[in-house]
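Asks: Sequence:
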Amino acid sequence: MKRLFIILMFGFVLLPQFSLAAIDQKCWTEEDCKKFREDFGSTDTTGGFYSAKDHEDARAACKTNTEGTDLINRKIGFCLPAGQAITTISFGGRTQFSNVGEFIKFIYQYGFIVGSVVAVMVIIVAGVMYIFSGGNSDTVGQAKKKIMGSVIGLILMALSYTILNTINPYLVNFRLPSIWAINTEGIAPIYCENLGGDVKIALANAQSSSSTINIDKAQWFDISTSTVALCGNNYYVDKTGGQSCLGQTCNDNANLCFGEPTAAKTTSYKCITGTAAGIITNSSFAGQIVAKGATGTGLVFDALTDYWTWPWVGGDVTLFAVCKNGALIESKSDNPTDIDNIYKQTYLIPKIDNEIINLENKCKASNSELLGYALEFEMNIPINGVKDEKHLIGMDQNGNAVDLCNNMARTTNIITTAVIQTILSTRFDVCKEVFSPTNSLRPDRYLITKEKMLKGVVLNLDANIVGYDNSDLTKMVKHYSQFGFTGK
Numbered sequence: 001m002k003r004l005f006i007i008l009m010f011g012f013v014l015l016p017q018f019s020l021a022a023i024d025q026k027c028w029t030e031e032d033c034k035k036f037r038e039d040f041g042s043t044d045t046t047g048g049f050y051s052a053k054d055h056e057d058a059r060a061a062c063k064t065n066t067e068g069t070d071l072i073n074r075k076i077g078f079c080l081p082a083g084q085a086i087t088t089i090s091f092g093g094r095t096q097f098s099n100v101g102e103f104i105k106f107i108y109q110y111g112f113i114v115g116s117v118v119a120v121m122v123i124i125v126a127g128v129m130y131i132f133s134g135g136n137s138d139t140v141g142q143a144k145k146k147i148m149g150s151v152i153g154l155i156l157m158a159l160s161y162t163i164l165n166t167i168n169p170y171l172v173n174f175r176l177p178s179i180w181a182i183n184t185e186g187i188a189p190i191y192c193e194n195l196g197g198d199v200k201i202a203l204a205n206a207q208s209s210s211s212t213i214n215i216d217k218a219q220w221f222d223i224s225t226s227t228v229a230l231c232g233n234n235y236y237v238d239k240t241g242g243q244s245c246l247g248q249t250c251n252d253n254a255n256l257c258f259g260e261p262t263a264a265k266t267t268s269y270k271c272i273t274g275t276a277a278g279i280i281t282n283s284s285f286a287g288q289i290v291a292k293g294a295t296g297t298g299l300v301f302d303a304l305t306d307y308w309t310w311p312w313v314g315g316d317v318t319l320f321a322v323c324k325n326g327a328l329i330e331s332k333s334d335n336p337t338d339i340d341n342i343y344k345q346t347y348l349i350p351k352i353d354n355e356i357i358n359l360e361n362k363c364k365a366s367n368s369e370l371l372g373y374a375l376e377f378e379m380n381i382p383i384n385g386v387k388d389e390k391h392l393i394g395m396d397q398n399g400n401a402v403d404l405c406n407n408m409a410r411t412t413n414i415i416t417t418a419v420i421q422t423i424l425s426t427r428f429d430v431c432k433e434v435f436s437p438t439n440s441l442r443p444d445r446y447l448i449t450k451e452k453m454l455k456g457v458v459l460n461l462d463a464n465i466v467g468y469d470n471s472d473l474t475k476m477v478k479h480y481s482q483f484g485f486t487g488k
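Numbering (my numbering), first residue to last: 1 to 488.
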């Protein structure tokens, strides 16, 4: 009996575990999360969905696009079994909190705001007392004490937050471990190449065919030993309940699986040759209105809000190398964008393997090493004689575009003098500060590796994710403080 127990124990330990290695099993679709919570006995079926669209940790784990959806546009995220706490008393208009840590964080920030308002009110009252004291030394003294106390209180509140945030940001951004529901069925990623090596897939439907193969008749194969997940075809993913992923494999003559928009608002995939390619769109409300060309909308939106005008990218797309010493090295070739008639642009950087290696060698020549690559887009501003605003764009692990910095040193303005432009670029050199070797928040993880650049990348850009700065330091700090930019 003892021998049998030992054999069984080691058998369970040594048995291989099968799972979707690339997709976190905490990932759920919103509908499946609602059903799980309903079966679990929760009265609030919608309150426990932790959307990937609004939370970067869920987006990274579930490998979704920036909208937090999968290949067929289902909302993806984590799922809380017990739901979110709802308080009887409203705090600043809010009654719903995911956990105690979020509640403490909100009360801390809310208390800071309330304390600041109270301090300002006390200063105003003390100022009135001082003005109408009529020379009474006691009243003047009380007013001065109130003003001094309020100012000291404000300074202490501000310093306490700054000191704690400097020591560790999580001292002021409390986050307790969350107990997420585990999805035993699994979620398929958008692209088949993001699957783990031990996962099987089967052809669901070819792009050239309008019919779909029944999953019961599909022929399964191991994705790690095959390259038949062809560009544009959909494939069933094993153990996901019939979910599918998109193939991206091209032949030796073309290396990029590129999806072009069609007039029917669908996407047609084809293999092309190039270093980088993508589609440029604008999902913002203002961008959509302006794109439709209504008379006068550009002037109206310019007066009311910040936006990029059509065409979203007004000039070239340029490859840059980023060195470890913070130097930015520009590729010799600029690549203009193409404009279509449905308010989308496409761009293509041709195959320039020699230039990619040459940029790396230039980093070495400056006594440094290559950190990675990024693409510079010339965003189109409609006002003040500004021709464009150049931004370096990187890529996250799911292939989504990330705005890394405003390359002010290269942004052109056709009405400012060269001297003024030099002063602006010196003071607001966002990229220089962001990629400084001493910057602990430097966004290295969003740079494209040499291996990926040589293989070729498809990087689609939604202009809505690019920070509209227009030489405004406050806006730059807002957009790039996450990467260590302070503007000081």
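It is worth saying that the hints were derived from the structure and are not from the lab. Please read these numbers as outputs of a predicted model, since none were measured by experiment. Hints may be right or wrong, so weigh each one.
[Said to hold, decoys possible] FRET-style restraints, in silico, Cβ to Cβ:
(1) F40 / I357: 50 to 60 Å
(2) E38 / N325: 18 to 28 Å
(3) R94 / I357: 16 to 26 Å
(4) Q397 / Y110: 28 to 38 Å
[As the list claims (entries may be wrong)] SDA-like mimics (lysine to any residue), calculated; alpha carbons at most 20 Å apart, straight line:
(5) K145 / V118
(6) K35 / A181
(7) K146 / L164
C-beta: ideal position from N, C-alpha, C; glycine also.
Asks: All hints, please: hold or fail.
Replies: The hints, checked one at a time:
| no. | hint | in the structure |
| --- | --- | --- |
| 1 | F40 / I357: 50 to 60 Å | holds, 55 Å |
| 2 | E38 / N325: 18 to 28 Å | violated, 56 Å |
| 3 | R94 / I357: 16 to 26 Å | violated, 54 Å |
| 4 | Q397 / Y110: 28 to 38 Å | holds, 34 Å |
| 5 | K145 / V118 | holds, 15 Å |
| 6 | K35 / A181 | holds, 12 Å |
| 7 | K146 / L164 | violated, 27 Å |
Checked against the numbered hints given earlier, the structure breaks hints 2, 3, 7 and satisfies all the rest.
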